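Protein chains: 2
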Amino acid sequence: MARVFNFCAGPAVMPEEALLEAQRQLFDFNGSGMSIMEMSHRGKEYDAVHTEAIANLRQLMAVPDEYSILLLQGGASGQFAMVPMNLLRPGETADFVNSGAWASKAIKEAKIVGAVNVIANTGKDIPTRLPAVADLKPTPGAAYLHITSNETIAGTQWKSFPKTGAPLIADMSSDILSRPFDVKDFGLFYAGAQKNLGPSGLAVVVIRKDLIERCPETVPMFLRYKTHAEENSLYNTPPTFGIYMLMLSTRWLLKMGGIAGIARQNEAKAAKIYAAIDGSGGYYRGTAVPEFRSNMNVTWRLPDEAREEKFIKEASAKGLKGLKGHRSVGGIRASIYNAFPPAGIDALVAIMKDFQAANG
Amino acid sequence: MARVFNFCAGPAVMPEEALLEAQRQLFDFNGSGMSIMEMSHRGKEYDAVHTEAIANLRQLMAVPDEYSILLLQGGASGQFAMVPMNLLRPGETADFVNSGAWASKAIKEAKIVGAVNVIANTGKDIPTRLPAVADLKPTPGAAYLHITSNETIAGTQWKSFPKTGAPLIADMSSDILSRPFDVKDFGLFYAGAQKNLGPSGLAVVVIRKDLIERCPETVPMFLRYKTHAEENSLYNTPPTFGIYMLMLSTRWLLKMGGIAGIARQNEAKAAKIYAAIDGSGGYYRGTAVPEFRSNMNVTWRLPDEAREEKFIKEASAKGLKGLKGHRSVGGIRASIYNAFPPAGIDALVAIMKDFQAANG
Chain A
1 MARVFNFCAG
11 PAVMPEEALL
21 EAQRQLFDFN
31 GSGMSIMEMS
41 HRGKEYDAVH
51 TEAIANLRQL
61 MAVPDEYSIL
71 LLQGGASGQF
81 AMVPMNLLRP
91 GETADFVNSG
101 AWASKAIKEA
111 KIVGAVNVIA
121 NTGKDIPTRL
131 PAVADLKPTP
141 GAAYLHITSN
151 ETIAGTQWKS
161 FPKTGAPLIA
171 DMSSDILSRP
181 FDVKDFGLFY
191 AGAQKNLGPS
201 GLAVVVIRKD
211 LIERCPETVP
221 MFLRYKTHAE
231 ENSLYNTPPT
241 FGIYMLMLST
251 RWLLKMGGIA
261 GIARQNEAKA
271 AKIYAAIDGS
281 GGYYRGTAVP
291 EFRSNMNVTW
301 RLPDEAREEK
311 FIKEASAKGL
321 KGLKGHRSVG
331 GIRASIYNAF
341 PPAGIDALVA
351 IMKDFQAANG
Chain B
361 MARVFNFCAG
371 PAVMPEEALL
381 EAQRQLFDFN
391 GSGMSIMEMS
401 HRGKEYDAVH
411 TEAIANLRQL
421 MAVPDEYSIL
431 LLQGGASGQF
441 AMVPMNLLRP
451 GETADFVNSG
461 AWASKAIKEA
471 KIVGAVNVIA
481 NTGKDIPTRL
491 PAVADLKPTP
501 GAAYLHITSN
511 ETIAGTQWKS
521 FPKTGAPLIA
531 DMSSDILSRP
541 FDVKDFGLFY
551 AGAQKNLGPS
561 GLAVVVIRKD
571 LIERCPETVP
581 MFLRYKTHAE
591 ENSLYNTPPT
601 FGIYMLMLST
611 RWLLKMGGIA
621 GIARQNEAKA
631 AKIYAAIDGS
641 GGYYRGTAVP
651 EFRSNMNVTW
661 RLPDEAREEK
671 FIKEASAKGL
681 KGLKGHRSVG
691 GIRASIYNAF
701 PPAGIDALVA
711 IMKDFQAANG
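Just so you know, the protein sequences line up as chains A and B, in that order.
The first sequence begins at 1 in the numbering used here and counts up by one.
The second sequence begins at 361 in the numbering used here and counts up by one.
Keep in mind that the hints were calculated from the coordinates and are not lab data.
A portion of the hints provided could be inaccurate.
Not close to chain A: a few residues of chain B, all C-beta gaps over 10 Å, as computed [said to hold, decoys possible]: (1) G438; (2) K484; (3) D542.
DSS-like mimics (lysine-lysine), calculated; alpha carbons at most 30 Å apart, straight line [to be verified]: (4) K465(B) <-> K44(A); (5) K404(B) <-> K313(A); (6) K468(B) <-> K209(A); (7) K105(A) <-> K569(B).
What you are looking at is a predicted structure, and each value in this text was computed from that prediction instead of being measured.
For every residue, glycine included, the Cβ atom is placed at its ideal position computed from N, Cα and C.
Kindly generate the complete structure, drawing on both the sequences and the hints.
This is the structure we're talking about:
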C-alpha cells in the first residue's frame with residue numbers, strides 16, 4: 001500500500017500515527033471488547049477520551065480558565081449560524097471583514113439573524129489579499145468583529161489580528177493549532193475539525209465565559225453555547241469517534257513540540273513552496289499578495305490554464321493528489337496542514353522544477 | 361480479543377462486519393492511499409459512499425420519490441430544534457405526545473420556538489406505557505403531530521401510528537430500520553444514528569418534499585431543511601466517516617434480508633427476553649405495559665434494588681455489558697438493536713434463569 005501526498009483542502013491529511021492507532025483499536029478499544037464507536041458517551045472509557053481531547057486543546061493553545069472549550073457538531077457552517085444567534089441581539093450590529101468565500105458565507109448567514117456591517121471587503125480581489133489591520137474602521141458599540149483567520153480558497157492568512165473594543169471572533173477552521181496566538185485577543189474562535197483537528201462532523205469552539213451568557217431566550221437550547229458549556233459538551237450525544245480522532249491528533253501534536261514546534265515546521269514547509277514560486281522567474285505566480293500569503297494553503301498560477309491542467313495531472317500520476325485550485329481563483333492550491341509531511345513538500349518542489357524545465 | 365455482548369442504549373453495538381471492513385480500510389480506502397476521513401467530500405470516492413448510503417436507506421424503507429433523505433449533523437437533539445424552526449410558523453400550534461424522557465426534550469425545545477399542545481402525557485407513568493391511538497385528540501389545524509416511536513428509557517414502542525390530518529412527525533432514533541412501516545404515513549421522521557444507523561454525530565431525516573418549503577426566511581440557512589435538500593446533504597462538509605459507517609451498516613442490513621428480515625429477528629430476540637420475564641413467576645417484572653413493550657429496549661425489575669445491582673454486576677463479569685436501567689425508571693435495560701447478536705439474547709436468558717435460581 002502506497003500512501004499518497006494528500007494536498008486536499010479539507011477533509012484533509014491526518015497524522016499517520018493517529019490513523020494507525022485508530023485502526024488498531026477500531027474493533028476493540030483498549031481491550032473493552034467494543035469499538036469506541038459502540039460505547040456509551042457517559043461511560044468511563046469514553047470520558048477519558050473526551051477529557052483528554054479538551055485538556056490537550058487547552059494545553060496546546062494555553063487557553064485560560066476564563067474560556068470554555070466546546071466540542072460541537074455542524075462544522076464551521078453551523079457556527080456561521082450559532083455565533084449571531086448567540087451574540088448578535090436585536091438592536092445591535094456585528095462587524096465583519098469579507099476576505100473571501102468563507103467570510104462571505106459567514107456574513108450571509110449573520111444577515112439573516114441581525115444587523116451586519118461589512119467594514120472591509122477584499123473578497124473578490126485578485127491577487128487575493130486581506131485588508132490592512134490599521135485601515136479597519138469598526139462600528140462604535142458593535143457586538144463583535146468577525147474575521148476569517150485563513151482563507152482556504154484564496155490562500156490568504158491574517159499575520160496579525162485587529163485589536164478593537166468589541167470582542168474579536170475568528171473562524172480559524174483552516175489554521176487553528178498551526179501557529180501561536182494569544183487566546184485573550186479573542187472573544188470566541190471556532191474551527192471545523194476537518195483540516196487541523198480531526199474528521200469532519202466536529203467543531204471546536206473556544207469562548208470567553210462572559211459571552212456565553214449573552215444568548216437571547218428565543219434561541220433553542222441546542223443552539224445555545226450555554227447549554228453545551230454547562231454540560232461539558234455532553235448535553236446530547238457528542239460525535240464520539242470524531243472526538244477520539246481529535247484526541248489522537250492533539251496527542252500527536254503535543255509530541256511534535258506543540259504549537260511552537262508545528263509552527264516552525266509549517267513556516268518551513270510553506271517557505272519552500274513560495275521560494276519555488278518566487279524563484280521561477282515569473283513562470284509560477286503566487287495568487288496571494290506576499291504579505292498575506294497563507295502557510296496552510298499555498299495558491300499559484302502557471303502561464304496558462306492548459307499547463308495548469310497538465311501540471312495537476314502529472315503531479316497526480318506521481319502520487320501528489322488534490323492540487324487543483326478552487327474554480328473561483330483557478331490555478332494550483334497546495335493545502336499543507338499540520339499533518340502534511342515535509343517529504344511531500346520536497347516532492348512538490350521537485351515536480352515544479354521539472355515541470356518548468358519541460359514546459360517552460 | 362473477546363467481543364462482549366453490548367447492551368448499551370446508544371451509542372450502541374454495530375454490525376461486526378461493518379466494523380471489520382472499516383478497520384481494514386481505515387488507513388487506505390480502496391487503494392486510494394488515503395483514509396476515507398482524509399478525502400474531499402466533493403471527490404468521486406466519497407461521492408460513491410454518500411450515494412450508496414442514501415440509496416440503501418431509500419431501498420430499505422421503500423422511501424417514495426416525493427420524500428427527500430437528508431444526512432445531517434446534531435443527532436436527534438438537533439432535530440428537536442430544527443423541526444419546529446422549519447415547520448411551526450407564527451400563529452400555528454404543534455401537537456406533541458409526551459411519552460417519556462425523549463418526547464419531553466422535544467417538547468421543551470419546540471416550546472421555545474412556538475405554540476405547543478401536549479395532547480397526551482404518559483411521560484411519568486410507571487409501569488411505562490403509551491396513550492391509546494384512539495384516545496388522541498389532535499388540535500384542529502395543528503401544524504403537525506410529533507411522537508417518539510420508541511422510548512429508549514421507558515422501553516415502550518408505538519405498535520401502530522396515529523392517523524391525523526396534520527403531518528405526523530416521529531423521532532425514530534431508537535427503532536428506525538428495525539421494523540416495517542409505511543413512509544407515507546409520515547410527514548417527516550428523523551433519527552440520531554447511534555442506535556441502528558452508525559456512529560453518533562449523524563442524523564437521518566426523511567421529509568415529504570412539500571414540507572421542505574414551509575420554513576420561514578428568518579431561519580438561518582444552515583438550519584433549513586431546504587438548504588440541505590437542494591444540495592443533497594453536501595451544502596457543507598458532511599460527517600463523512602459517519603456516513604461511511606451508515607453505508608456499511610445499511611449494506612449489512614440489506615444482506616440480512618432488509619427490514620423484513622431484521623424485523624423477524626428483532627421480534628424473536630425481544631420475545632425470548634419477555635418470555636423469560638413472564639415465565640419467572642413474578643421474580644422479574646416488565647417495566648412497560650405489555651401492549652407497548654419495545655422490541656429495542658427491554659426493561660424490567662427484580663424484587664429489590666440490591667438484587668438488581670448484583671444481577672448487573674454478575675452479568676458484566678460474564679461479558680454482558682450495559683444492562684443497567686436508566687435511573688428514572690430503575691432496574692435492568694437490555695438494548696437489543698438490529699446489530700445485537702441473537703447469541704447475546706440466549707446468554708442473557710441463561711443468566712436470568714441462573715440468577716433467579718441462586719437468588720430467588
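Each hint tested on the structure:
A cut-off of 10 Å between C-beta atoms contradicts the statement that G438(B) is not in contact with chain A; the least separation is 6 Å. Under the 10 Å C-beta cut-off, the non-interface status given to K484(B) relative to chain A holds; the minimum distance is some 21 Å. The claim that D542(B) lies off the interface holds: its Cβ sits roughly 29 Å from the closest Cβ of chain A, which is beyond the 10 Å cut-off. Note on K465(B) and K44(A): the hinted pairing holds, with a Cα-Cα distance of about 25 Å set against a maximum of 30 Å.
Between K404(B) and K313(A), the direct Cα distance comes to roughly 16 Å. Compliance with the 30 Å bound is thereby established for this hinted pair. Only pairs whose Cα atoms come within 30 Å are accepted, and K468(B) paired with K209(A) is accepted, the gap being roughly 25 Å. Restraint check for K105(A) and K569(B): satisfied, since their Cα atoms lie roughly 26 Å apart, inside the 30 Å limit.
Violated hint for the displayed structure: number 1, the only one.
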